[in-house]
Amino acid sequence: MSRRSGFLLAALAAGMLAYCALHLRVGNDLTHFLPTGSRSELAALSGRLADSPLTRTVVLAIGADELAVATAAARELALALRGRPEVAWVRSEVDPADFEALRELYFPRRLGFLSDRPEQELPQRLSDAGLREQARALRQDLAGPASGFFEPLAAADPLGAFERLVRGFQAAQPSLRVVDGTFVTPDGRWAILLLATRASAFDSGVQGLFLAELRARFAEIAARRGHDLRLEVSAVAAFAAAAERAIKADVVVIGVCSFVGVMLLFLAFVASWRGLVVVVLPPLAGILVATTLCLWLYGAIDGLTMVFGTSLMGIAIDSSNHLLLHHGLARPRESPQQVMLRLRPSVVFAALTTVASFVGLALTPFPAFQQMACFAIVGVLTGLATTLWVLPALLGGAPPLPARAARTAARLDRAYRRLEALPRSLLLAPLVLGALAATALPALRWSDDLSKLTRFDPALVQEDLRVREHISSLDSGRFVIALGDDAEAALAKNDAIHARLGEAVAAGALGGTRSLHAFLWSAELQRRNRAALDAMPDLYPRLEAAFAAEGFRPGAFRSFGETLAAPAPAPLALADLEASPLADVLAPHVFALEDRVAVVTYLRELRDADAVRAALAGLPDVYLLDQRSFVGEIYREFRETTVDQILVGAVLIVVLLVGYTRAWLAPIAACVPSLLVALIVLAFLAALGEPVNLLHVMSLTMVMGMAVDYGIFCIDSIRRHEDFGATLLSMLVSCLDTAFVFGSLALSDQPSLRAIGLTSGVGILLAFVTTPLVMAAFGLTARARRDA
Amino acid sequence: MRSSAACWASAALAAGALAGAAGATTPELDEILRRMASASGVEAPFEERKELALLVEPLETRGVIYFVPPDRFARFTTSPGASALIVAGEAVQLREGPEARPVDLSGNRVARAFVENFVALWSGDREKLESLYRPELHGTRDAWELRLVPRRAPLSEAIEAITLRGDRESMRELLVVERDGDRTTTRFGATRTDRVFTPEELRQIFGAGLPLEGARAER
Numbered sequence: 008m009s010r011r012s013g014f015l016l017a018a019l020a021a022g023m024l025a026y027c028a029l030h031l032r033v034g035n036d037l038t039h040f041l042p043t044g045s046r047s048e049l050a051a052l053s054g055r056l057a058d059s060p061l062t063r064t065v066v067l068a069i070g071a072d073e074l075a076v077a078t079a080a081a082r083e084l085a086l087a088l089r090g091r092p093e094v095a096w097v098r099s100e101v102d103p104a105d106f107e108a109l110r111e112l113y114f115p116r117r118l119g120f121l122s123d124r125p126e127q128e129l130p131q132r133l134s135d136a137g138l139r140e141q142a143r144a145l146r147q148d149l150a151g152p153a154s155g156f157f158e159p160l161a162a163a164d165p166l167g168a169f170e171r172l173v174r175g176f177q178a179a180q181p182s183l184r185v186v187d188g189t190f191v192t193p194d195g196r197w198a199i200l201l202l203a204t205r206a207s208a209f210d211s212g213v214q215g216l217f218l219a220e221l222r223a224r225f226a227e228i229a230a231r232r233g234h235d236l237r238l239e240v241s242a243v244a245a246f247a248a249a250a251e252r253a254i255k256a257d258v259v260v261i262g263v264c265s266f267v268g269v270m271l272l273f274l275a276f277v278a279s280w281r282g283l284v285v286v287v288l289p290p291l292a293g294i295l296v297a298t299t300l301c302l303w304l305y306g307a308i309d310g311l312t313m314v315f316g317t318s319l320m321g322i323a324i325d326s327s328n329h330l331l332l333h334h335g336l337a338r339p340r341e342s343p344q345q346v347m348l349r350l351r352p353s354v355v356f357a358a359l360t361t362v363a364s365f366v367g368l369a370l371t372p373f374p375a376f377q378q379m380a381c382f383a384i385v386g387v388l389t390g391l392a393t394t395l396w397v398l399p400a401l402l403g404g405a406p407p408l409p410a411r412a413a414r415t416a417a418r419l420d421r422a423y424r425r426l427e428a429l430p431r432s433l434l435l436a437p438l439v440l441g442a443l444a445a446t447a448l449p450a451l452r453w454s455d456d457l458s459k460l461t462r463f464d465p466a467l468v469q470e471d472l473r474v475r476e477h478i479s480s481l482d483s484g485r486f487v488i489a490l491g492d493d494a495e496a497a498l499a500k501n502d503a504i505h506a507r508l509g510e511a512v513a514a515g516a517l518g519g520t521r522s523l524h525a526f527l528w529s530a531e532l533q534r535r536n537r538a539a540l541d542a543m544p545d546l547y548p549r550l551e552a553a554f555a556a557e558g559f560r561p562g563a564f565r566s567f568g569e570t571l572a573a574p575a576p577a578p579l580a581l582a583d584l585e586a587s588p589l590a591d592v593l594a595p596h597v598f599a600l601e602d603r604v605a606v607v608t609y610l611r612e613l614r615d616a617d618a619v620r621a622a623l624a625g626l627p628d629v630y631l632l633d634q635r636s637f638v639g640e641i642y643r644e645f646r647e648t649t650v651d652q653i654l655v656g657a658v659l660i661v662v663l664l665v666g667y668t669r670a671w672l673a674p675i676a677a678c679v680p681s682l683l684v685a686l687i688v689l690a691f692l693a694a695l696g697e698p699v700n701l702l703h704v705m706s707l708t709m710v711m712g713m714a715v716d717y718g719i720f721c722i723d724s725i726r727r728h729e730d731f732g733a734t735l736l737s738m739l740v741s742c743l744d745t746a747f748v749f750g751s752l753a754l755s756d757q758p759s760l761r762a763i764g765l766t767s768g769v770g771i772l773l774a775f776v777t778t779p780l781v782m783a784a785f786g787l788t789a790r791a792r793r794d795a
Numbered sequence: 398m399r400s401s402a403a404c405w406a407s408a409a410l411a412a413g414a415l416a417g418a419a420g421a422t423t424p425e426l427d428e429i430l431r432r433m434a435s436a437s438g439v440e441a442p443f444e445e446r447k448e449l450a451l452l453v454e455p456l457e458t459r460g461v462i463y464f465v466p467p468d469r470f471a472r473f474t475t476s477p478g479a480s481a482l483i484v485a486g487e488a489v490q491l492r493e494g495p496e497a498r499p500v501d502l503s504g505n506r507v508a509r510a511f512v513e514n515f516v517a518l519w520s521g522d523r524e525k526l527e528s529l530y531r532p533e534l535h536g537t538r539d540a541w542e543l544r545l546v547p548r549r550a551p552l553s554e555a556i557e558a559i560t561l562r563g564d565r566e567s568m569r570e571l572l573v574v575e576r577d578g579d580r581t582t583t584r585f586g587a588t589r590t591d592r593v594f595t596p597e598e599l600r601q602i603f604g605a606g607l608p609l610e611g612a613r614a615e616r
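In order, the protein sequence lines correspond to chains A and B.
Each residue of the first sequence is one higher than the one before, starting from 8 at the first, in my numbering.
Each residue of the second sequence is one higher than the one before, starting from 398 at the first, in my numbering.
FYI, nobody ran anything at the bench for these hints, they're computed from the structure.
Please read these numbers as outputs of a predicted model, since none were measured by experiment.
From the three backbone atoms N, C-alpha and C, an ideal C-beta is built for every residue, glycine too.
Check before you lean on any hint, since a few could be wrong.
[Said to hold, decoys possible] Distance ranges between label pairs, derived from CB positions: (1) B/E457 - A/P627: 27 to 33 angstroms; (2) A/A87 - B/S437: 42 to 48 angstroms; (3) B/D591 - A/D583: 52 to 58 angstroms; (4) B/A550 - A/G518: 39 to 45 angstroms; (5) A/R560 - B/S553: 23 to 29 angstroms; (6) A/G175 - B/E457: 30 to 36 angstroms; (7) B/V546 - A/R560: 26 to 32 angstroms; (8) B/E533 - A/Q131: 41 to 47 angstroms; (9) B/D591 - A/R98: 43 to 49 angstroms.
[To be verified] Derived coverage of chain B by chain A (criterion: at least 3 residues anywhere in the stretch with Cβ under 8 angstroms from a Cβ of chain A; other residues may be distant): (10) 440-454; (11) 472-480.
[Unchecked claim] Part of the chain B face toward chain A, derived, beta carbon under 10 angstroms: (12) T458; (13) A485; (14) G486; (15) L491; (16) E493.
Construct the complete structure from the given sequences, taking the supplied hints into account.
Right, here's the structure in full:
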């Protein structure tokens with residue numbers, strides 16, 4: 008490589024470094040774990056619901072030794088938060104103007120909201136007997152303490168349509184009351200402030216800063232006002248921010264442990280600065296290029312991808328170790344280019360099999376795994392390119408390796424030869440162990456619960472639960488969704504859903520619902536109500552007669568008669584409500600999904616999902632979505648596909664190896680260690696009773712790919728009758744590197760990272776041990792010597 | 398919202414005035430207010446007569462009022478139907494029928510006005526009361542009449558005047574005249590203004606939202 012090329016590469020690296028520094032953004036978007044593309048509309052919906060106005064809502068509970076202090080603090084905090092760029096809206100109190108606005112919106116259209124089933128119900132309700140019954144009910148209401156709300160409207164609304172609407176609004180609201188104009192919990196102990204952020208709840212960078220600022224503002228207020236003021240927060244964003252903090256802390260620990268481990272190994276077997284550069288350059292180049300590309304493609308790097316990226320060092324270091332140690336131990340001495348030429352087939356082939364093990368991930372519909380695969384593939388290929396074209400230039404003039412390296416390589420070689428001398432039956436022990444491990448597989452427990460991949464601070468979870476109990480008892484992650492080509496079609500389906508779920512509630516299968524139906528019916532249903540009234544031209548005289556018979560003054564309902572005679576106003580539409588004070592309340596219930604409209608009904612106490620599903624049967628494009636089990640199902644499918652991919656990948660690798668070695672025994676020997684590693688690790692997890700999740704499977708895929716690399720290095724070394732000791736030493740160093748890096752992942756508090764760490768750390772050590780054993784068991788060296 | 402203001406204002410004022418009946422020969426507003434603030438507790442059965450423009454005949458209701466100074470009040474109807482209006486501090490809760498779900502009305506504009514009046518009266522705060530009403534006191538201590546004219550919305554939009562009538566012992570009648578001509582007259586029976594409620598009774602009235610045994614027996 009010329010000096011000019013070197014400068015160009017250095018400039019390119021500096022440019023990428025600057026780009027990363029300016030654009031680095033770590034995301035922790037759980038929606039990335041949901042499939043995209045053509046998987047199904049339900050998956051897209053699930054993703055959309057995970058990032059809906061509902062998840063962007065933040066609930067603040069403010070307590071003090073006196074409620075008046077808490078409500079005053081809530082108002083002050085609301086004032087401080089209003090107008091901030093991160094905040095979409097803040098609600099701490101009831102605006103009397105809202106009531107008037109709603110009255111103006113609904114009252115003229117009240118006759119469109121008489122009945123969910125106008126054709127069936129209204130003839131009975133508006134019969135002479137039905138009208139008498141309504142007259143008696145109105146009379147009773149007028150005697151009651153709430154008569155004042157409806158009495159002034161009763162002359163124009165003797166059928167009580169508006170009263171029913173208002174009661175429906177009240178039932179659909181969180182169970183808060185108002186003290187001194189501020190929301191407080193029903194027990195009167197906490198003032199409540201509701202707000203929504205503009206950014207996604209999973210934009211943990213923005214959310215982390217906002218929540219910190221919010222707490223700082225509250226601390227100022229609490230310090231000034233005293234009275235033991237305290238703040239509790241319930242927000243999806245709080246969890247996202249906490250997860251990012253935890254992952255960032257993990258990255259530091261993992262980075263330090265990896266660095267120390269790699270340095271110790273380096274000091275033991277390389278002990279020169281130039282050697283260090285040679286070893287770490289490919290992985291560093293891989294991480295830099297992969298980070299740049301991922302930031303450019305995705306705008307942010309997922310937290311898990313970032314951790315995975317730091318671990319990539321363990322993989323990309325294999326090839327550079329292999330080159331460095333073979334160059335240092337070559338007798339007689341060879342130029343770096345000669346060594347590279349000698350090792351190139353195995354280095355390239357090993358990198359390609361590693362890449363192949365990640366290609367499957369790239370083809371999944373999960374954005375998070377696509378990003379990981381992109382990162383890994385780009386990182387490994389960049390590492391390979393650096394090893395092939397940059398390292399030989401750097402190796403020239405490198406000081407010799409310490410004598411310890413040569414001694415260790417010689418010991419490893421002798422150990423391998425002793426291994427070969429052992430009776431074949433003993434050498435088959437790993438295979439027997441593998442067979443035994445296979446028998447333990449039926450005891451394996453699979454876990455596909457996404458929530459178990461992340462562990463949150465129990466105090467944060469408890470705080471969230473306490474605040475949520477104050478305001479709502481809706482089940483999180485359980486919805487009924489109606490999809491329509493336009494708002495009207497979706498609302499019509501929502502009308503039907505409301506009726507069917509009402510039956511499910513009556514049957515006890517469901518505790519209750521929060522539905523858009525409380526606020527809006529389809530235009531068609533509103534028109535049907537009016538049509539049912541229009542079909543009764545004698546309604547007004549009959550109503551007058553029925554109400555007069557119950558003691559109402561004749562002519563008292565003249566304004567109702569005039570309303571009936573006048574043309575009906577246009578039905579209330581979604582657009583009308585979106586421009587009203589109800590817009591914030593509606594937002595979690597309705598949104599566009601590509602070119603369709605989705606209407607969401609939230610469920611409370613789903614006791615019998617099958618019964619609810621049966622109640623909804625026959626409604627097209629209507630789904631009962633239990634997000635947790637739905638995502639779990641997707642993960643199960645993905646995990647099963649990954650396991651299938653491992654098997655298919657193994658066969659493909661064998662085929663490739665057969666093509667490469669033009670033999671059948673060596674390729675099998677190269678693949679057997681990876682199979683053994685998988686069986687033993689899974690049996691180990693089964694014996695521990697540890698449920699196996701997707702990340703275990705992913706880690707296993709990676710370790711198996713690395714085990715195949717080791718097999719390739721060994722076979723190549725054996726075939727070329729080259730220094731097997733140097734190959735074993737390079738395997739040992741890279742295995743320990745990887746074990747250090749992945750072992751440090753096992754230190755993480757996050758179950759997801761621990762799963763990766765344990766599986767990879769144990770797996771790679773097993774790969775190092777089983778590869779030479781299998782080579783010896785297959786008698787490959789002896790066969791090579793014979794052939795020679 | 399006119400009638401609700403009338404209904405609640407009458408209930409609140411009734412309880413307050415029940416506690417503050419005049420004792421000397423010449424009635425003094427300050428004295429009435431002072432007695433309101435110093436009452437240990439009030440229990441008063443009532444009969445209410447509503448004359449509404451919608452109805453040919455007046456509506457008659459029976460029930461009982463409880464007042465626990467300084468800021469707790471409950472109005473239960475027992476006939477023709479059961480209902481409860483409960484105020485505790487600034488919280489206002491309404492229940493129509495024993496099985497009905499309670500409705501929180503604390504956020505309602507009229508309910509808030511009601512609570513404001515309620516607090517002004519029962520705290521004996523003359524300045525506050527005069528900022529809400531124009532009071533006119535007439536008659537003798539044996540037959541006094543206090544007329545309150547609301548000064549500001551929403552009460553002034555709905556109510557023309559509230560008139561409280563009483564004697565040396567207690568208040569006997571409350572009349573609310575609304576702007577649309579509707580009139581509500583409440584007459585009080587054997588009123589106790591020295592009532593001391595036990596913790597169990599308070600739990601029943603303000604916790605469970607039920608009237609005490611004697612009142613329920615009237616149903």
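Tested hints:
1. B/E457 - A/P627: 27 to 33 angstroms: violated (55 angstroms)
2. A/A87 - B/S437: 42 to 48 angstroms: Distance hint for A/A87, B/S437 holds at roughly 44 angstroms.
3. B/D591 - A/D583: 52 to 58 angstroms: Between B/D591 and A/D583, where Cβ atoms are some 57 angstroms apart, the hint holds.
4. B/A550 - A/G518: 39 to 45 angstroms: holds (41 angstroms)
5. A/R560 - B/S553: 23 to 29 angstroms: Roughly 26 angstroms apart at Cβ, these two residues keep to the hinted range, so it holds.
6. A/G175 - B/E457: 30 to 36 angstroms: Once the Cβ atoms are compared, 31 angstroms apart, the range 30 to 36 angstroms for B/E457 and A/G175 holds.
7. B/V546 - A/R560: 26 to 32 angstroms: holds (28 angstroms)
8. B/E533 - A/Q131: 41 to 47 angstroms: About 53 angstroms separates the Cβ atoms of B/E533 and A/Q131, which means 41 to 47 angstroms is violated.
9. B/D591 - A/R98: 43 to 49 angstroms: Holds - the Cβ-Cβ distance for B/D591 and A/R98, about 45 angstroms, lies within 43 to 49 angstroms.
10. 440-454: holds (count 7)
11. 472-480: holds (count 5)
12. T458: holds (5 angstroms)
13. A485: holds (8 angstroms)
14. G486: Because about 7 angstroms separates B/G486 from the closest Cβ in chain A, which is inside the 10 angstroms limit, the hint holds.
15. L491: holds (5 angstroms)
16. E493: Because about 5 angstroms separates B/E493 from the closest Cβ in chain A, which is inside the 10 angstroms limit, the hint holds.
Going down the numbered hints, you'll see the structure goes against 1 and 8, while the others check out.
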